[in-house]
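J.: Heads up: the sequence lines are chains A, B, C, D, E and F, in that order.
Letter 44 of the first sequence, counting from 1, is numbered 57 in the numbering used here, and no numbers are missing.
Letter 178 of the second sequence, counting from 1, is numbered 191 in the numbering used here, and no numbers are missing.
Letter 26 of the third sequence, counting from 1, is numbered 39 in the numbering used here, and no numbers are missing.
Letter 155 of the fourth sequence, counting from 1, is numbered 168 in the numbering used here, and no numbers are missing.
Letter 60 of the fifth sequence, counting from 1, is numbered 73 in the numbering used here, and no numbers are missing.
Letter 56 of the sixth sequence, counting from 1, is numbered 69 in the numbering used here, and no numbers are missing.
Worth flagging that the hints you see were computed from the coordinates, not collected in a lab.
Keep in mind that a hint or two might mislead.
Put simply, identical chains are the same to the list, so a pair is met inside one copy or across any two.
[Claimed, not checked] The list that follows gives simulated cross-link-like pairs (lysine-lysine, DSSO-like), each with its CA atoms no further than 27 Å apart:
1. K244 - K72
2. K202 - K131
3. K33 - K52
4. K37 - K172
5. K235 - K209
6. K235 - K202
7. K33 - K209
8. K36 - K244
9. K244 - K180
10. K172 - K72
From a predicted model like this one, the values you see are computed outputs, not experimental measurements.
There are 6 protein chains.
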Amino acid sequence: MKICVINPNTSLDMTLHIEKELKKIAGNETELQVICPDKGPITLECAVDEAYSIPEMLKLVKQAETDGFDAVVIACFSDPGLEAAKEMVQIPVIGIGEASIHAASMLGARFTVITPVKRRVPTRIHQALHHISHHSLASVRSLDISVAQSESDPALTVKRLLEVVEKAVEADGAEVIVLGCAGMTGYTKELEERYKIVVVDPCTVALKFAEAFASLGLRQSKVGHYSFPPKKLYK
Amino acid sequence: MKICVINPNTSLDMTLHIEKELKKIAGNETELQVICPDKGPITLECAVDEAYSIPEMLKLVKQAETDGFDAVVIACFSDPGLEAAKEMVQIPVIGIGEASIHAASMLGARFTVITPVKRRVPTRIHQALHHISHHSLASVRSLDISVAQSESDPALTVKRLLEVVEKAVEADGAEVIVLGCAGMTGYTKELEERYKIVVVDPCTVALKFAEAFASLGLRQSKVGHYSFPPKKLYK
Amino acid sequence: MKICVINPNTSLDMTLHIEKELKKIAGNETELQVICPDKGPITLECAVDEAYSIPEMLKLVKQAETDGFDAVVIACFSDPGLEAAKEMVQIPVIGIGEASIHAASMLGARFTVITPVKRRVPTRIHQALHHISHHSLASVRSLDISVAQSESDPALTVKRLLEVVEKAVEADGAEVIVLGCAGMTGYTKELEERYKIVVVDPCTVALKFAEAFASLGLRQSKVGHYSFPPKKLYK
Amino acid sequence: MKICVINPNTSLDMTLHIEKELKKIAGNETELQVICPDKGPITLECAVDEAYSIPEMLKLVKQAETDGFDAVVIACFSDPGLEAAKEMVQIPVIGIGEASIHAASMLGARFTVITPVKRRVPTRIHQALHHISHHSLASVRSLDISVAQSESDPALTVKRLLEVVEKAVEADGAEVIVLGCAGMTGYTKELEERYKIVVVDPCTVALKFAEAFASLGLRQSKVGHYSFPPKKLYK
Amino acid sequence: MKICVINPNTSLDMTLHIEKELKKIAGNETELQVICPDKGPITLECAVDEAYSIPEMLKLVKQAETDGFDAVVIACFSDPGLEAAKEMVQIPVIGIGEASIHAASMLGARFTVITPVKRRVPTRIHQALHHISHHSLASVRSLDISVAQSESDPALTVKRLLEVVEKAVEADGAEVIVLGCAGMTGYTKELEERYKIVVVDPCTVALKFAEAFASLGLRQSKVGHYSFPPKKLYK
Amino acid sequence: MKICVINPNTSLDMTLHIEKELKKIAGNETELQVICPDKGPITLECAVDEAYSIPEMLKLVKQAETDGFDAVVIACFSDPGLEAAKEMVQIPVIGIGEASIHAASMLGARFTVITPVKRRVPTRIHQALHHISHHSLASVRSLDISVAQSESDPALTVKRLLEVVEKAVEADGAEVIVLGCAGMTGYTKELEERYKIVVVDPCTVALKFAEAFASLGLRQSKVGHYSFPPKKLYK
């Protein structure tokens with residue numbers, strides 16, 4: 014089974030970090046490719062960044078299908094361009110945001126999403142409630158560090174994660190924590206040991222769901238919302 | 014007051030049609046510009062079309078602010094790139110979708126959105142419920158004609174509109190009809206006379222809301238969700 | 014265009030205050046009348062006050078239509094008697110509560126409504142959720158001063174507003190503040206400067222929406238919920 | 014235990030009809046009074062009718078407390094003025110709408126409310142969802158006869174009830190029917206026999222809930238939303 | 014009228030406590046029986062406890078119908094096995110959880126449920142929102158004592174109740190308190206006097222609702238969700 | 014990896030049918046056991062059936078953990094006893110209902126659940142909305158055949174499935190079909206070919222999710238809702 018994981022930002026460091034973590038858990042029969050676009054923003058922290066990353070990412074999605082991949086994972090928690098990607102190809106496309114939100118709601122009564130920057134808190138709430146029932150969402154809390162910092166300064170990231178998770182557990186009743194950024198991949202052990210909670214690492218869950226869907230022959234339905242784009246003039 | 018209306022697809026015909034209709038109702042003190050990008054899809058009928066239209070549209074939004082416009086209207090019912098546009102500039106940006114959904118819910122107990130193509134029905138439902146309370150939405154119904162047909166074949170469009178509106182009124186209890194496509198601008202009179210209902214023409218309502226916000230000095234809040242994009246490397 | 018703004022309480026001071034503020038922003042072509050009933054409660058702070066103010070207010074609504082006004086604004090944030098007023102006449106009737114709630118949800122991801130008295134907090138929550146989607150409402154917070162104080166003691170009002178808005182921004186994530194009482198008209202500048210947020214002044218937004226609807230020929234639909242009252246015996 | 018049932022319209026016929034039905038089921042220790050105001054609309058079919066009935070009704074509520082009654086029932090399904098009545102007195106006030114909506118949701122998975130006139134369908138939906146969870150409401154359906162007809166023409170009322178209930182059961186999955194008008198009191202047996210469903214007669218349920226609350230010393234909480242109206246000038 | 018109250022745990026102390034409290038408020042014509050199963054868990058504090066108590070409880074429900082009782086009350090706030098009990102018999106079955114949740118939402122704008130153990134907080138939220146509209150629920154708060162302690166140590170229970178209710182009133186805006194455990198029956202007076210709020214004692218309200226339904230001939234509908242179980246092989 | 018699939022009814026035929034289908038798709042490294050209890054109802058069609066099956070099923074769950082299994086799947090779409098099972102053990106427990114509802118909402122804009130018997134329609138709606146956002150659920154439709162028939166009469170089952178799926182697609186806008194009964198496992202191909210839709214077979218998806226969770230070391234959080242049952246006396 015061939016699975017293509019696309020990091021939609023242009024950070025090679027983050028792409029390699031994701032690849033390293035995913036190789037640890039990929040199935041024996043999974044041939045894994047982790048890539049990112051050449052052009053576009055180095056991190057995705059707002060809707061403008063996403064808007065400029067999506068067209069490049071969609072080309073990679075299309076190419077993955079052409080190259081015979083069995084499934085695609087979009088490795089940014091915001092699931093940028095996910096609807097368009099599902100329209101564009103027949104193979105299953107999974108966002109790490111949607112996968113981890115659904116997984117988290119099966120693993121506890123209430124979960125908290127941790128997001129790097131505060132301005133994205135409303136987006137995360139809206140995203141979660143688009144997928145799952147409102148009573149599963151304990152809260153969304155932000156680290157108040159930039160996505161770049163979350164990559165380059167692991168000590169700061171861990172410190173802030175510990176502070177924020179403690180509040181989520183005590184004040185919000187969180188039983189499960191979702192690390193709401195692809196760059197946070199790899200911090201689960203410290204949090205689980207300290208708070209005895211369950212931590213969902215989005216990239217790993219999404220890869221496993223992609224393996225699951227691909228092995229069952231499941232893909233997004235092409236009869237309605239995700240049917241192929243109609244042919245038309247592009248000036 | 015200078016207001017820039019941006020049709021995010023590349024159809025000059027639709028752009029001129031919108032301009033013609035808006036000139037009829039623009040305020041005396043409003044200097045109106047209606048434009049569209051040079052590059053991109055000729056109509057927007059799916060998420061892929063939107064993804065490729067947004068970066069070009071955002072340049073026009075930025076240019077409008079630079080050129081001293083007081084407000085921007087995005088003239089596609091899907092409100093493509095609206096979040097990004099609101100981040101990008103300080104002047105108020107209004108989508109014709111959001112404006113007409115809010116207006117419709119003040120004008121009757123329940124409204125129906127008419128959309129050209131069936132595949133967009135879930136998007137319209139989701140969009141409406143993102144903005145207003147669920148009990149205001151009677152239904153979303155599709156004409157089952159392409160956006161191109163809705164422009165080029167007015168007789169077919171009217172015929173389908175009359176059929177669909179009748180069902181919305183009788184089966185769904187619609188009291189207000191929202192024409193869910195910029196290209197439908199100009200069909201309100203026939204529907205209002207036939208069914209005695211109220212018809213919301215999205216472009217006209219959005220222009221009036223833009224005039225209202227601009228004259229009051231209201232703009233999207235820049236302290237949270239719509240704050241300016243952080244500076245960063247774009248490869 | 015003739016627009017009649019009706020303050021449903023009997024406070025001449027508040028009526029004049031509203032008139033003064035609205036004259037600053039009324040359109041050039043708008044002929045503005047701001048009135049209040051002769052009989053009834055001096056402020057509206059509970060459902061009993063509203064119940065006794067509505068019949069008098071409805072007479073003024075009817076008279077406004079007879080006198081050739083093009084639209085009516087009900088200038089109390091609770092929108093007392095709004096459904097009845099929309100039934101009674103053909104011209105558009107807009108409540109300052111509904112107008113500002115819809116406007117606020119277009120101007121930021123989450124807004125907070127400030128209400129004078131604590132007992133009205135549940136009413137404000139219910140009112141907001143009647144109009145817009147739950148994720149747009151950050152919170153409702155009360156000044157814990159009477160409506161009369163909010164008129165007579167501007168220093169106290171400003172002091173409490175600053176305290177409460179700070180909490181709304183910091184604890185609730187509010188990006189937009191809605192001044193939830195007609196008597197608070199005129200305090201926007203201080204709040205905007207201090208917190209860089211956007212403040213919605215309900216009377217001004219409602220007047221602009223009334224101008225917008227009247228100029229487009231939009232009115233509440235008369236085929237369903239707001240159809241004219243059936244004729245019947247009134248003992 | 015003394016319970017005062019107030020029909021807020023001025024129809025003596027309906028008042029006597031309600032009294033006759035309630036006397037059949039009142040508890041042995043219940044002293045029952047069924048009254049209506051002298052002034053106001055003969056039936057309540059829209060928000061305007063309600064607005065003019067409420068001030069008169071509130072006087073009767075106050076008088077009931079003064080006269081030593083232990084509870085008040087407002088016998089109109091729309092629960093007109095219920096919030097104001099709960100503010101005004103210390104004794105429990107129960108609306109027949111709220112009582113029967115809560116009862117119905119305990120008696121089946123989904124219930125349908127039958128309302129006389131079509132224009133009130135949105136009001137009934139909104140009322141139900143104000144009280145109970147959305148999945149308990151199967152539908153709201155209208156008889157499309159006036160409230161006056163529902164009183165004066167029992168044969169027509171039964172005929173329409175049977176037609177509408179059949180649709181509710183078959184098309185909407187209704188397991189329980191709520192007769193959504195005080196004037197429909199007394200038709201339960203025919204419907205129950207024909208469709209083997211459960212029919213909730215609002216006046217009877219509300220009287221029993223009033224007896225229940227009064228005997229337990231339960232009343233609306235006076236510390237928040239329903240606290241007594243603040244003293245103030247009424248011009 | 015014969016009413017059977019079934020405490021589904023096997024604590025005789027709690028059964029006698031419930032009986033003592035209910036005898037104080039049972040109607041003159043009510044013949045009251047309060048029982049519990051011989052086998053099963055001594056308290057119900059989690060889903061496992063409930064799973065093991067339900068089969069024994071259902072036998073008692075069936076027996077109550079056979080013995081000519083007119084209604085059954087399930088006296089555990091979690092309403093364990095309530096759906097199954099409503100399927101099993103024709104006589105009305107009422108859970109103390111559902112009864113008090115519905116009652117509380119008629120007695121104030123917002124109520125708080127107090128539950129003994131923290132782990133049950135999500136269950137209580139979900140239960141409340143299954144029955145009533147979300148804006149009626151102020152919060153769920155836990156005493157953080159075991160159900161056994163809530164029976165055996167009244168001083169500790171009162172102390173914790175006072176602390177928790179104070180937070181519910183001040184921080185959550187609660188106007189009504191629901192004592193979310195059958196074992197808390199009997200503490201209403203202290204709370205009402207101290208905080209001037211209304212306290213709903215679930216067992217008493219459920220008994221009164223059972224009397225109400227039985228006297229009106231109301232029972233769960235047997236045409237859909239609660240129809241009798243189909244006959245089948247039980248190995 | 015060892016995974017134990019528990020069919021909670023006592024039908025050996027259904028258990029073997031599930032085993033046969035799951036063996037086709039189990040991972041290479043998965044050691045699969047499919048079992049059912051000795052005692053209890055032969056099919057689960059109502060809450061009473063579930064109540065009597067759960068205690069036996071819980072013993073098998075506990076035994077699976079003792080026997081060193083890495084995950085448990087509960088193979089009845091109603092997810093009977095799922096909360097209790099998650100409390101009881103440390104290894105992940107997944108219900109086929111929850112797994113397929115979450116999967117379906119990732120594979121299309123709206124899905125329909127097909128359930129054998131009509132009386133369970135409200136349960137299915139409630140179950141779906143417990144897990145996912147309401148706009149993902151197109152409808153729940155019933156075959157109106159018994160669970161036993163769905164096993165013993167494949168021709169009838171296929172005929173009814175085709176009729177019901179056609180309605181789901183055309184009238185409800187379903188893009189994905191969830192086969193809402195473990196006994197329907199194996200019918201996906203016929204439906205997919207006929208309607209070009211995507212069909213979710215609950216047992217297979219749940220097995221893949223169990224493999225995914227087990228391989229990642231994910232399990233239900235034991236710090237809150239699913240913490241181990243407190244020790245106590247069981248009479």
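J.: Each of the hints needs a verdict: does it hold here or not?
T.: Comparing the hints with the structure gives:
Both within a single protomer and between protomers do K244 and K72 lie at most 27 Å apart by alpha-carbon distance, with minima of 16 Å and 25 Å respectively. Taking identical chains as interchangeable, the C-alpha atoms of K202 and K131 lie at most 27 Å apart whether they share a chain (24 Å) or sit on different chains (26 Å). Taking the shortest Cα distances, K33 and K52 sit within 27 Å of each other inside one copy (22 Å), while across copies they are farther apart (39 Å). Taking the shortest alpha-carbon separations for K37 and K172, only the intra-copy value of 25 Å comes in at or below 27 Å, while the best inter-copy value is 47 Å.
When the C-alpha separation of K235 and K209 is checked against a cutoff of 27 Å, the pair qualifies only between copies, where the shortest distance is 8 Å, while the shortest distance within a copy is 42 Å. Taking the closest pair of Cα atoms, K235 and K202 come within 27 Å of each other only across two copies (16 Å); inside a single copy the shortest separation is 39 Å, beyond that limit. In this assembly of identical chains, K33 and K209 lie within 27 Å of each other by CA distance solely inside one copy; the values are 25 Å within and 38 Å between copies. For the homomeric pair K36 and K244, neither the shortest alpha-carbon distance inside one copy (38 Å) nor that between copies (32 Å) is at most 27 Å.
Taking CA atoms no more than 27 Å apart as the test, K244 paired with K180 passes in neither setting, with 50 Å inside one copy and 29 Å between copies. Within a single copy, K172 and K72 get their C-alpha atoms no closer than 38 Å, and across copies no closer than 39 Å, so neither meets the 27 Å cut-off.
Of the numbered hints given earlier, the model fails hints 8, 9, 10; all others are met.
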